[in-house]
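Trainee: Residue numbers (numbering that gives the first Met the number 0), protein chains in the order written: chain S, 0 to 223; chain Z, 0 to 221.
Think of the hints as simulated: they come from the structure by calculation, not from any bench.
Stretches of chain S that chain Z covers, calculated by requiring three or more beta carbons in the stretch to come under 8 angstroms of a beta carbon on chain Z:
no., segment
1, 26-37
2, 101-115
3, 126-135
Treat the numbers as computed from the prediction; the structure is a model and nothing was measured.
Note that beta-carbon positions come from the ideal geometry of N, C-alpha and C, so glycine has one too.
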Amino acid sequence: MSRFRNTFGIGVLLAVVCFAGAACRHDMQDQPKIKPYRGSSFFGDGLASRPPVQGTIARGHLRSDTEFYTGKKPVSSASPAPASTNPYTDDVDTFPFPITQETVVRGRERYEIFCSVCHGMTGHGDGMIVRRGFRRAASFHDDRLRQAPVGHFFDAITNGWGAMPPYAAQVPVQDRWAIIAYVRALQLSQQNIKTQPGPSGTPLPQGSSQPQSQPTPAAGGHQE
Amino acid sequence: MPQIFHHSTNALAKITIYGAVFIIVAALWVAVELNRSSWNTGQWVERQQPVQFSHKHHVGDDGIDCRYCHTSVETAATAGMPSTAVCMSCHKQIWADSPYLEPVRASFRTGKPLEWIRVHDLPDYAYFNHSIHVQKGVGCSTCHGRVDEQPIMYQAATLQMEWCLECHREPEKFVRPKNRIYDMAWRPVNTNSEQLAEGFRLKAEYKIQGRRVLESCSTCHR
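Let the hints inform the model, and build the full structure from the sequences given.
Mentor: Next comes the structure, spelled out in structure tokens:
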């Protein structure tokens, strides 16, 4: 009889151990190490992730290519163009690398993530956030933006423009240029077909930008 | 000398023997079920946050892409939490004086980050990387559920190892086309054989490793 009692007792003990083992200590689950977005009581501001010292440049991230990283012409070559016709004199008017179909496809994807919320899927400035009450975004099909050089778009994405916030933190440099290529394609798609008989089947931006005809050696080595 | 035990004690002894077996099995079953229950895993438990942020509104009603805020999901281990500046991109004009958003404005004024409550907290001994899952055809909703239908975020999966292994053993049951990764409404094809055929095709296309690698301890515990 007592043997059975013992078996029963061991069974109950086993179950209790199972419960206790499952619920008690979490030392390994919650290790005292630093992981992204975790707080830290060590630093005064409570942040575990430390900001880099002001002016730090990570290896391979020196932004020496002015046109690629700022969309502005290098200071030496900025020509004193007549300001009355072109308000964006210091912005580059050609893409800093050759635009391929992959660039435009990537640009479309990024445009629909980051830009379409305000500028709308077709670029008329009627995105969902505008419909919710945000100041109306610029339409890419106005004359001002049709004529604006690509560097102006880059500047607007990077530093913001009017009510538009800067997107430098959300969109890497390469993607900003891809988005601009897609905006050019959008502009082309909304133009009067009779006046702009582009080559059939080529959605690539043509005209003033001429990305295909101006390949530059800057295309390589621009990984963010 | 009279019998110490009455004759009926025999029956009692038998019941105790079989009963003990039953009780042990039942206790183990209860332990296993409790271990998998939301009481232990935190599954389905809505977490109150410092701001009443609704994914249902931002994703479901507004149609904002996941990557607008979770920018590093394609390139880093963490999906990335938006800085307060990203919130203020819109909320400097929309709901700009709502008392609900005062914590956001306070954070923007002072530069002190909002302290969100973590909803999906993996144990520290498990290594997880968002970018590889996204690149290999695992969509957001496979693990996070219908985020566009969650006014308050909750953990949609148990996050237990058996749950991870379900997919690591048979990824073909879960992978989806690249252009549907951020599609909250995507579901595996109804008929199992069709999903499997599609899954095996995608598994080959994405060059998903075999079980030897995906089930290796050091794939996740490194």
